[in-house]
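Which chain is which? The protein sequence lines are A and B, in order.
Note that the working numbering has the first sequence beginning at 51, numbered continuously upward.
Note that the working numbering has the second sequence beginning at 21, numbered continuously upward.
Calculated directly from the structure, the hints in this document are not laboratory data.
Note that beta-carbon positions come from the ideal geometry of N, C-alpha and C, so glycine has one too.
Be careful, since some hints might not be right.
[Unchecked claim] The calculated lysine-lysine pairs, modelled on DSS-like cross-linking and capped at a C-alpha distance of 25 Å, are: (1) K172(A) <-> K171(B); (2) K162(A) <-> K135(A); (3) K191(B) <-> K140(A); (4) K176(B) <-> K172(A).
[What the hints assert, rightly or not] Quick list of simulated restraints, FRET-style, between CB atoms: (5) R107(A) <-> K176(B): 41 to 47 Å; (6) S145(A) <-> S180(B): 20 to 26 Å; (7) S155(B) <-> L93(A): 30 to 36 Å; (8) S58(A) <-> L164(B): 24 to 30 Å; (9) L93(A) <-> E156(B): 44 to 50 Å.
[What the hints assert, rightly or not] One side only, chain A facing chain B, incomplete, derived with CB under 10 Å: (10) L93; (11) Q114; (12) T117; (13) N131; (14) Q136; (15) P150; (16) I158; (17) T160; (18) T174; (19) G177.
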Amino acid sequence: MQTLSRRSLARYAANSMVAGVPSAEIARHLGAALIETKKTKQLAQLIEDIAYELEERKLAAHAQITTAHVIDEQIRKQIENFIAKQTGAKQVTLSENLEPALIGGIHIETAKLSWDETIRRKLTDIGGAF
Amino acid sequence: MLNVQFAEASSSGISSLGLNLKGFLFNLITLLIVFLILRRYVWPKIVITLEARRMMTEQSIAQARQVEEALAKAEVRAEELLANARVEADKAMADAKVRVEQLIASGEKAADERGTRIIQEAEGRLAQERERLHSELKGELSALVVATTEKVLRKKLNESEDRNLIEESLKELA
Numbered sequence: 051m052q053t054l055s056r057r058s059l060a061r062y063a064a065n066s067m068v069a070g071v072p073s074a075e076i077a078r079h080l081g082a083a084l085i086e087t088k089k090t091k092q093l094a095q096l097i098e099d100i101a102y103e104l105e106e107r108k109l110a111a112h113a114q115i116t117t118a119h120v121i122d123e124q125i126r127k128q129i130e131n132f133i134a135k136q137t138g139a140k141q142v143t144l145s146e147n148l149e150p151a152l153i154g155g156i157h158i159e160t161a162k163l164s165w166d167e168t169i170r171r172k173l174t175d176i177g178g179a180f
Numbered sequence: 021m022l023n024v025q026f027a028e029a030s031s032s033g034i035s036s037l038g039l040n041l042k043g044f045l046f047n048l049i050t051l052l053i054v055f056l057i058l059r060r061y062v063w064p065k066i067v068i069t070l071e072a073r074r075m076m077t078e079q080s081i082a083q084a085r086q087v088e089e090a091l092a093k094a095e096v097r098a099e100e101l102l103a104n105a106r107v108e109a110d111k112a113m114a115d116a117k118v119r120v121e122q123l124i125a126s127g128e129k130a131a132d133e134r135g136t137r138i139i140q141e142a143e144g145r146l147a148q149e150r151e152r153l154h155s156e157l158k159g160e161l162s163a164l165v166v167a168t169t170e171k172v173l174r175k176k177l178n179e180s181e182d183r184n185l186i187e188e189s190l191k192e193l194a
């Protein structure tokens, strides 16, 4: 029996999305494959792999935004534009986290790329420079 | 008759001098007999005994001389040995003195080298300790600077300023 790697499952999911297969059906197939290959604990990693595949194909990019303060809609729009420009993705989605320990600035992370422009990181750099 | 004549003679000649010729002759003969007996039986033994004693005495004297000579030789030998011993002792003392001086010199050299090594090691440890303290100080200083900066920024950086900061960051990244 041929074993399905997580990477090949992600590629199958991306291909199915491009082909217009309904999301529910894709999810059902992926679930069946994970159960069959006894890799249900790798669901989170599979989702990351699918996001990577979609970003790689410039179809969609999902970014995790972490800031110390709540961002407004205008900033959110600027971030979407920035990510669309950097990844070339047609569709950009964001999820936001608040982390006061960052003090200020922004941390952006997609499946492929990452930017850390937080004050916390800059202070750490200063400390390291000593 | 002889006795008469002898008595007459004695009364007339020697007897007139107060000597008893008869008694004299008797005594002379007795003395001769005693002498002969002594010569025959006693004298040789006495001579042998005396000879033996003489020889013994001579042997004793010779032995005493030999002892004296041996003693003299021994004294001479002892003197020689003593003199040699003194010479050897002087030589040994001189050697020992030289050896002690060498040992002292080598000990001083070893002590100098050890002292130099100890000083070098101490200097090395001191340098390491200085470097460690320097690093610790730098670390503490940087931590203090970061902590102070963080406190200041937390007070000064409000939501609006953070927004501006994010905007600037996005522009710089683009």
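| Okay, L93(A) versus E156(B) on CB: inside 44 to 50 Å? | holds (47 Å)
| query | Between S145(A) and S180(B), is the Cβ distance one that fits in 20 to 26 Å? | reply | holds (24 Å)
| query | Taking the least C-beta to C-beta distance, is P150(A) closer than 10 Å to chain B? | reply | holds (9 Å)
| field | Evaluation of the interface hint that places T160(A) against chain B, nearest CB under 10 Å | value | Given a least distance of 13 Å, the restraint on T160(A) is violated.
| query | Is the hinted pair K191(B) and K140(A) satisfied, with a Cα-Cα distance of at most 25 Å? | reply | holds (21 Å)
| field | Restraint check, 10 Å cut-off on beta carbons, for L93(A) near chain B | value | The hint is violated - L93(A) has no Cβ within 10 Å of chain B, the shortest such distance being about 32 Å.
| message | Just to be sure I understand the hint, the distance between the Cβ atoms of S58(A) and L164(B) should be within 24 to 30 Å; is that true here? | response | Roughly 53 Å apart at Cβ, these two residues miss the hinted range, so it is violated.
| said: A closest beta-carbon separation below 10 Å is what the hint needs, so does Q136(A) meet it against chain B? | reply: holds (8 Å)
| Verdict for S155(B), L93(A) (Cβ pair) under range 30 to 36 Å | violated (46 Å)
| Cβ separation of R107(A) and K176(B), checked against the hinted range 41 to 47 Å | The hint (41 to 47 Å, Cβ to Cβ) holds, given that R107(A) and K176(B) are roughly 44 Å apart.
| query | Taking the least C-beta to C-beta distance, is T117(A) closer than 10 Å to chain B? | reply | With a minimum Cβ separation of about 7 Å from chain B (threshold 10 Å), the hint on T117(A) holds.
| query | Close enough to count: is the Cβ of Q114(A) nearer than 10 Å to one in chain B? | reply | This interface hint is violated because 15 Å lies over the 10 Å limit.
In summary, the structure is inconsistent with hints 7, 8, 10, 11 and 17 from the numbered list given earlier, while agreeing with the others.
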